[in-house]
Amino acid sequence: DAGVIQSPRHEVTEMGQEVTLRCKPISGHDYLFWYRQTMMRGLELLIYFNNNVPIDDSGMPEDRFSAKMPNASFSTLKIQPSEPRDSAVYFCASSPPGRGHGNEQFFGPGTRLTVL
Amino acid sequence: GQNIDQPTEMTATEGAIVQINCTYQTSGFNGLFWYQQHAGEAPTFLSYNVLDGLEEKGRFSSFLSRSKGYSYLLLKELQMKDSASYLCAIRWGNTPLVFGKGTRLSVIA
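Chains F and E, in that order, are what the protein sequence lines are.
Its first residue numbered 1, the first sequence is counted upward by one per residue in our numbering.
Its first residue numbered 1, the second sequence is counted upward by one per residue in our numbering.
Excised from the complex, chain E in its bound form:
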């Protein structure tokens, strides 16, 4: 099956760093996306990884290891507005994106 595993919930402190992990089935892997979704809003694109390594975008970075079927989203200098769900989405072969159930991040003072 096309399983995507993410933690359901995480809590972190304002100003800190948090890492949200995503593991997936490696066979046929063809790209990984991270989306952010605030409560009651639509998902918005954060990052795309298709090759191994780290992609950095300001306070957010995304890492991929294709051989391990593993990715993480790293959020630095956490702000209260970062409280949201973070969705890992995978493309296998030529199929459309499959979304994980998301990790609900709560940032506390």
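Isolated chain F, as found in the complex:
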């Protein structure tokens, strides 16, 4: 079975450009999470969805960040405009139904974003 799929794996862009990160969760999972990981701050939750509906976006740093989940098999995280401090690894994770979002999360391989 395919795990969580993320694209691109690496992204290098210039300050001010729009960046779109993509995620395909594991089929049948009803929770989807977007995280950002840096050395300084560790793994931080940005936003999560349940059944395609955004539940909590309090972790989104500012209005430059937005996320959508138009259907059960696809989600995007967009940064517009991007800034150098957005450089990080962005992970998408999904979890199956049963214990709500208390279930084990399965992580994608991540997108390493560098904003110059």
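Because the hints were derived from the structure by calculation, they are not lab data.
Every residue gets a Cβ at the ideal spot worked out from N, C-alpha and C, and that includes glycine.
Some clues are possibly wrong.
[Unchecked claim] Pulled from the structure, derived: some chain F residues nowhere near chain E, Cβ distances all over 12 Å: (1) Glu11; (2) Thr13; (3) Glu14; (4) Glu18; (5) Lys24; (6) Asp63; (7) Arg64; (8) Phe65; (9) Asn71; (10) Phe74; (11) Pro84; (12) Pro97; (13) Thr114.
[Claimed, not checked] Partner residues are not named here, just some residues of chain E that face chain F (Cβ under 7 Å, in silico): (14) Pro43; (15) Phe45; (16) Lys81; (17) Gly93; (18) Pro96; (19) Phe99.
Guided by the hints, dock chain E onto chain F, whose structure is given.
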């Protein structure tokens, strides 16, 4: 606040046993996870504790004391491939997981 404390780094010898501790705020505790993350890779699930006691899975065991707000991950018969970061993650109430900053374990020959 939702604080999770883990040591930043640890070093241990191949074949030995190492214990990685995690302490957290007890109020509202609703489950603890341990994840392993190799450099440049995604975190992968190791264990889940919600009741007091020891959960064993091969060379890895995880212990929980809810009253003390304390957990540890025990790795036995260390191998070089165990060099990784180990993340403690807590669920409080009905909130999503909060991850600690992780403990970077180096296994040396």
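Verification of the supplied hints:
1. Listed as a non-interface residue, glutamate 11 (chain F) keeps its Cβ farther than 12 Å from every Cβ of chain E; the least gap is roughly 15 Å.
2. With a cut of 12 Å on Cβ distances, threonine 13 (chain F) stays outside the contact zone with chain E, its closest approach being about 20 Å.
3. No beta-carbon of chain E comes within 12 Å of the beta-carbon of glutamate 14 (chain F); the shortest separation is about 24 Å.
4. Against the 12 Å criterion, glutamate 18 (chain F) stays outside the reach of chain E, whose nearest CB is about 25 Å from its own CB.
5. No beta-carbon of chain E comes within 12 Å of the beta-carbon of lysine 24 (chain F); the shortest separation is about 14 Å.
6. Distance check for aspartate 63 (chain F) against chain E: the nearest CB is about 22 Å away, which clears 12 Å, and the non-interface claim stands.
7. For arginine 64 (chain F), the shortest C-beta to C-beta distance to chain E comes to about 22 Å, beyond the 12 Å cut-off, and the non-interface label holds.
8. For phenylalanine 65 (chain F), the non-interface assignment is confirmed: its Cβ lies about 17 Å from the closest Cβ of chain E, beyond the 12 Å cut-off.
9. Listed as a non-interface residue, asparagine 71 (chain F) keeps its Cβ farther than 12 Å from every Cβ of chain E; the least gap is roughly 22 Å.
10. Residue-level check passed: phenylalanine 74 (chain F) sits 19 Å from the nearest beta carbon of chain E, beyond 12 Å.
11. Consistency note on proline 84 (chain F): stated as away from chain E, and its beta-carbon is indeed over 12 Å from all of that chain's, at 21 Å minimum.
12. Every Cβ of chain E is farther than 12 Å from the Cβ of proline 97 (chain F); the closest lies at roughly 15 Å, confirming the non-interface assignment.
13. Chain E leaves threonine 114 (chain F) outside its interface by the beta-carbon criterion, the shortest separation being 14 Å against a cut-off of 12 Å.
14. Hint status for proline 43 (chain E): holds, given a least beta-carbon distance of 5 Å to chain F, under 7 Å.
15. Using the Cβ-Cβ criterion of 7 Å, the hint placing phenylalanine 45 (chain E) at the interface with chain F is satisfied: the shortest such distance is roughly 5 Å.
16. Hint on lysine 81 (chain E) is violated. Least Cβ distance to chain F is approximately 18 Å, over the 7 Å limit.
17. Checking glycine 93 (chain E) against chain F: minimum C-beta separation of about 10 Å lies over 7 Å; hint violated.
18. This hint holds: proline 96 (chain E) has a C-beta 5 Å from the nearest C-beta of chain F, less than the 7 Å allowed.
19. The closest approach between the C-beta of phenylalanine 99 (chain E) and any C-beta of chain F is roughly 4 Å, which is under the 7 Å cut-off, so the hint is satisfied.
The structure does not agree with the numbered hints 16 and 17 stated previously, though it agrees with the rest.
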